[in-house]
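*Asks:* The listed protein sequences derive, respectively, from chains A and B. Quick note: the first sequence uses the working numbering, first residue 1, plus one each step. Quick note: the second sequence uses the working numbering, first residue 1, plus one each step.
No wet-lab data here; the hints were simulated from the structure. Take the hints with a grain of salt, since some may be wrong.
[Claimed, not checked] Among chain A residues calculated to face chain B with C-beta under 10 Å, some are:
(1) PHE44
(2) LEU62
(3) PRO65
(4) PHE69
(5) LEU71
(6) VAL142
(7) GLY332
(8) PHE335
All C-beta atoms in this analysis are idealised placements derived from N, C-alpha and C, irrespective of residue type, glycine included.
One letter stands for each residue in the lines below.
2 protein chains.
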Amino acid sequence: MFSKKQISKKSTDLSLWYNNVVLRAKLADYGPVKGTMIIRPWGFALWEGIQNILGSAIKEELKSPNAYFPLLIPLSYLEKEKEHVEGFSPELAVVTIGGGEELAEKLVVRPTSETIMYSMFSKWIKSWRDLPFKVNQWCNIVRWEKRTYLFLRTSEFLWQEGHTCHANALEADQMTRDALAVYQKFVEETLAIPVLAGKKSEKEKFAGAKTTYALEALMPDAKALQSCTSHDLSDHFSKVFNIRYQSQDKKLEYVHQTSWGFSTRNIGALIMVHGDDNGLVLPPKIAPTQVIIVPIDPKDNTLIFYSKEIVDSLKKAGMRVDLDLREAQTLGYKFNDWELLGVPIRLEIGQKEVENKTITAARRDNGKKVTIKKGELTEELQHLLDEIQSDLFLKAYDFLVEHTFEASDYSDFRKIMKDSKGFIKAFWCENPLCEAKIKEETKATIRVIPFEQPKDIGSCIYCKKPGKVLAYFAQAY
Amino acid sequence: MFSKKQISKKSTDLSLWYNNVVLRAKLADYGPVKGTMIIRPWGFALWEGIQNILGSAIKEELKSPNAYFPLLIPLSYLEKEKEHVEGFSPELAVVTIGGGEELAEKLVVRPTSETIMYSMFSKWIKSWRDLPFKVNQWCNIVRWEKRTYLFLRTSEFLWQEGHTCHANALEADQMTRDALAVYQKFVEETLAIPVLAGKKSEKEKFAGAKTTYALEALMPDAKALQSCTSHDLSDHFSKVFNIRYQSQDKKLEYVHQTSWGFSTRNIGALIMVHGDDNGLVLPPKIAPTQVIIVPIDPKDNTLIFYSKEIVDSLKKAGMRVDLDLREAQTLGYKFNDWELLGVPIRLEIGQKEVENKTITAARRDNGKKVTIKKGELTEELQHLLDEIQSDLFLKAYDFLVEHTFEASDYSDFRKIMKDSKGFIKAFWCENPLCEAKIKEETKATIRVIPFEQPKDIGSCIYCKKPGKVLAYFAQAY
Numbered sequence: 001m002f003s004k005k006q007i008s009k010k011s012t013d014l015s016l017w018y019n020n021v022v023l024r025a026k027l028a029d030y031g032p033v034k035g036t037m038i039i040r041p042w043g044f045a046l047w048e049g050i051q052n053i054l055g056s057a058i059k060e061e062l063k064s065p066n067a068y069f070p071l072l073i074p075l076s077y078l079e080k081e082k083e084h085v086e087g088f089s090p091e092l093a094v095v096t097i098g099g100g101e102e103l104a105e106k107l108v109v110r111p112t113s114e115t116i117m118y119s120m121f122s123k124w125i126k127s128w129r130d131l132p133f134k135v136n137q138w139c140n141i142v143r144w145e146k147r148t149y150l151f152l153r154t155s156e157f158l159w160q161e162g163h164t165c166h167a168n169a170l171e172a173d174q175m176t177r178d179a180l181a182v183y184q185k186f187v188e189e190t191l192a193i194p195v196l197a198g199k200k201s202e203k204e205k206f207a208g209a210k211t212t213y214a215l216e217a218l219m220p221d222a223k224a225l226q227s228c229t230s231h232d233l234s235d236h237f238s239k240v241f242n243i244r245y246q247s248q249d250k251k252l253e254y255v256h257q258t259s260w261g262f263s264t265r266n267i268g269a270l271i272m273v274h275g276d277d278n279g280l281v282l283p284p285k286i287a288p289t290q291v292i293i294v295p296i297d298p299k300d301n302t303l304i305f306y307s308k309e310i311v312d313s314l315k316k317a318g319m320r321v322d323l324d325l326r327e328a329q330t331l332g333y334k335f336n337d338w339e340l341l342g343v344p345i346r347l348e349i350g351q352k353e354v355e356n357k358t359i360t361a362a363r364r365d366n367g368k369k370v371t372i373k374k375g376e377l378t379e380e381l382q383h384l385l386d387e388i389q390s391d392l393f394l395k396a397y398d399f400l401v402e403h404t405f406e407a408s409d410y411s412d413f414r415k416i417m418k419d420s421k422g423f424i425k426a427f428w429c430e431n432p433l434c435e436a437k438i439k440e441e442t443k444a445t446i447r448v449i450p451f452e453q454p455k456d457i458g459s460c461i462y463c464k465k466p467g468k469v470l471a472y473f474a475q476a477y
Numbered sequence: 001m002f003s004k005k006q007i008s009k010k011s012t013d014l015s016l017w018y019n020n021v022v023l024r025a026k027l028a029d030y031g032p033v034k035g036t037m038i039i040r041p042w043g044f045a046l047w048e049g050i051q052n053i054l055g056s057a058i059k060e061e062l063k064s065p066n067a068y069f070p071l072l073i074p075l076s077y078l079e080k081e082k083e084h085v086e087g088f089s090p091e092l093a094v095v096t097i098g099g100g101e102e103l104a105e106k107l108v109v110r111p112t113s114e115t116i117m118y119s120m121f122s123k124w125i126k127s128w129r130d131l132p133f134k135v136n137q138w139c140n141i142v143r144w145e146k147r148t149y150l151f152l153r154t155s156e157f158l159w160q161e162g163h164t165c166h167a168n169a170l171e172a173d174q175m176t177r178d179a180l181a182v183y184q185k186f187v188e189e190t191l192a193i194p195v196l197a198g199k200k201s202e203k204e205k206f207a208g209a210k211t212t213y214a215l216e217a218l219m220p221d222a223k224a225l226q227s228c229t230s231h232d233l234s235d236h237f238s239k240v241f242n243i244r245y246q247s248q249d250k251k252l253e254y255v256h257q258t259s260w261g262f263s264t265r266n267i268g269a270l271i272m273v274h275g276d277d278n279g280l281v282l283p284p285k286i287a288p289t290q291v292i293i294v295p296i297d298p299k300d301n302t303l304i305f306y307s308k309e310i311v312d313s314l315k316k317a318g319m320r321v322d323l324d325l326r327e328a329q330t331l332g333y334k335f336n337d338w339e340l341l342g343v344p345i346r347l348e349i350g351q352k353e354v355e356n357k358t359i360t361a362a363r364r365d366n367g368k369k370v371t372i373k374k375g376e377l378t379e380e381l382q383h384l385l386d387e388i389q390s391d392l393f394l395k396a397y398d399f400l401v402e403h404t405f406e407a408s409d410y411s412d413f414r415k416i417m418k419d420s421k422g423f424i425k426a427f428w429c430e431n432p433l434c435e436a437k438i439k440e441e442t443k444a445t446i447r448v449i450p451f452e453q454p455k456d457i458g459s460c461i462y463c464k465k466p467g468k469v470l471a472y473f474a475q476a477y
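So here's chain A without its partners, still in its complex pose (with noise of 0.2 Å):
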């Protein structure tokens, strides 16, 4: 059973207070093998709000329908594309037995889907006609861990990968921006975080990729989280897995390709972001359920019958709505449970509601509790749905403000990072010993250069060498 006592403060230890969040609130275990978690149905229904929503948005702004590849892959495929076998080699989960037999090729479990996609894209496209060619895949994914990070660091998590081919590099630079153009407006409007979006490192982008896109988030501990990557393959994989096309003019032509992923981690950037000393705290947009009505008395039926014409209505309305008439719980510990689970608002009926035809809502946010008019609740609840939805990405927005910093000169910059951590914009010269050195000594990695870049470029924060490009250097999960 459930008391406060059982979750630490996130002030004072965010991983433990993440820890016992997740467990509490039912949102994941641990599975039985090392690096792996089941997602239980609270958590999994967050995942489901993600893919009806950003789903629909694949689907519909970036014009990709869903389609499913095999889990297995042949190793000989990975080993194509030499940088990107060199880069998931080391956490390949493979299998070397099917059906009583040792295997005459070894298949490895899926790490990511672009060489097992490619392979049959080459088999598809063949002219023009069939360009640009889209596709995305909901699926599982497994990348060797050993140690466990609930939704932020799994052997095995879900998440949508989407391929695309292109008749040109303008086309698939174009691609790569607006797919991660939809993440941010997702991560922002949905999930009420704020993020930095930009272009990767070369150190830090994908194992094969010309170019890296991403969205950086930052924890409650200054640590920057990454949400979610946008990669531009050029036609790096489509010479390998002779991808081509006629064109209009008859010329054989490699496609460029793009591929993007958003996966189950992003629950773990949701949870804490948002999240308090009292559990859960989710915005109304992705809450499985944003109105918990709970009757004083779950066996008055006069509060019972008042409750029940509430739901009905707020259902009409489009809003998701349950109510609790458990009858072995205390009031108390109902109050406790929904606040753990992040419900926005909590809907209190007693005779005294019932009696001057009102409601008494509190939010899970900020404790306020406001009175309501019975004819005006729809109304009045949509306002305040709104209104935490907008009040948690501000105050995630200022946390990010407050936490982005600019540094003089190196030593300003080691300061910064350890004794605030957060975001520290720099110049950098672009060489990848400068990048190194910052990380060895601060363990601060570049999580993206942004797309628009200052017109005056200072020298680099490290060697002092005239820079090149504007950074955003952070500890990262």
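Following the hints, complete the assembly by docking chain B onto the known chain A.
*Replies:* Same frame as chain A, now just chain B:
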């Protein structure tokens, strides 16, 4: 490019026709590893329809929320239930290398999730208050196959598996039947496929179950196809995974369990049952596009304007509608193409239609054309879609009835199974030897023992000793 000639006749060679349709309609393709397949967007849209409609029933009627459990299961878990591991051993894909190292314990890619789930249930279930405990999972499954039959037999397939725990045997049996009833309603009402429901024989039941219930459909070659199964697991697994609860009178009791699954093989049944020599024929309730609008001239603005008005009004009425404005293809090509894809209704829009404010609607299933007044279009199309849905079911139902026989004696049984195939209703003494002999001599197995049994049971069709049940026999996929 598609031409009708590339599809062989359904009546001449069913399996060649089937493979032609699946490949030409881009429902699926062969994967590079033997036994694997790719589900392409048009095929996956059918699965999404299944997930949407069946998924809602599983949540709302069977009260089983979705969750996600790990793909990789320690081999020792499977070995805990003797019958279970014996049943699945020959089909396992085994991971022996993880993260670059030989694993201390082999992991199997899930062939079904009983063992991994139930190891967790024993941790989560403590009290009678936790019961009934229900969970459902949509996921990929691997059971090794060397020969691929697209959708019908593949090493990897997608399914939904529901798992429940109950306080007693009665509740578990009821749950098993409830799940089967939800499946039957879905298969008959949405996929328009009539099925026989009942119990499996001991030989045909799930490895580890006390009782398996199933639905059986009849394919055009009069062979049966198992649509789905629902298992009463009794306490077979709860005893080995130690899933116990404290009852209201403070005793420790083992839970009674059920599991039930529905897979992508049903897409194969859908194709086979309704398709014709021109390709797919989709029941309106599952068709990704229900109405396709084809303007006779895709460059004529009057036709385009008229068509777009129609698209908007049909979408507003909740229909799934698409508009074909491709310019590179001839009208004949387009008509063939939408027929191949099985879209239930095609609307043809020409000058005559615009002038008369009418629309010509052609039915995919029987080719009949009707002229509809524009003002009555929504209502008439809704009516037509309902009619197509029920006509498809009735046609399949007639076929099932026509191919269900009663055998007067075993020589009659052999003759029917040789000449006509189909289902044969016959009495059986419940001796597995008779069952085995019948299979050996006629290739027919017991598909189901129906729930409703006649009052008088005659003698066993094989040994002529007193029979115990009426059973349906058939050759099966």
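*Asks:* Would you list, in rising numerical order, the hints stated earlier that this structure does not obey?
*Replies:* 2, 7, 8
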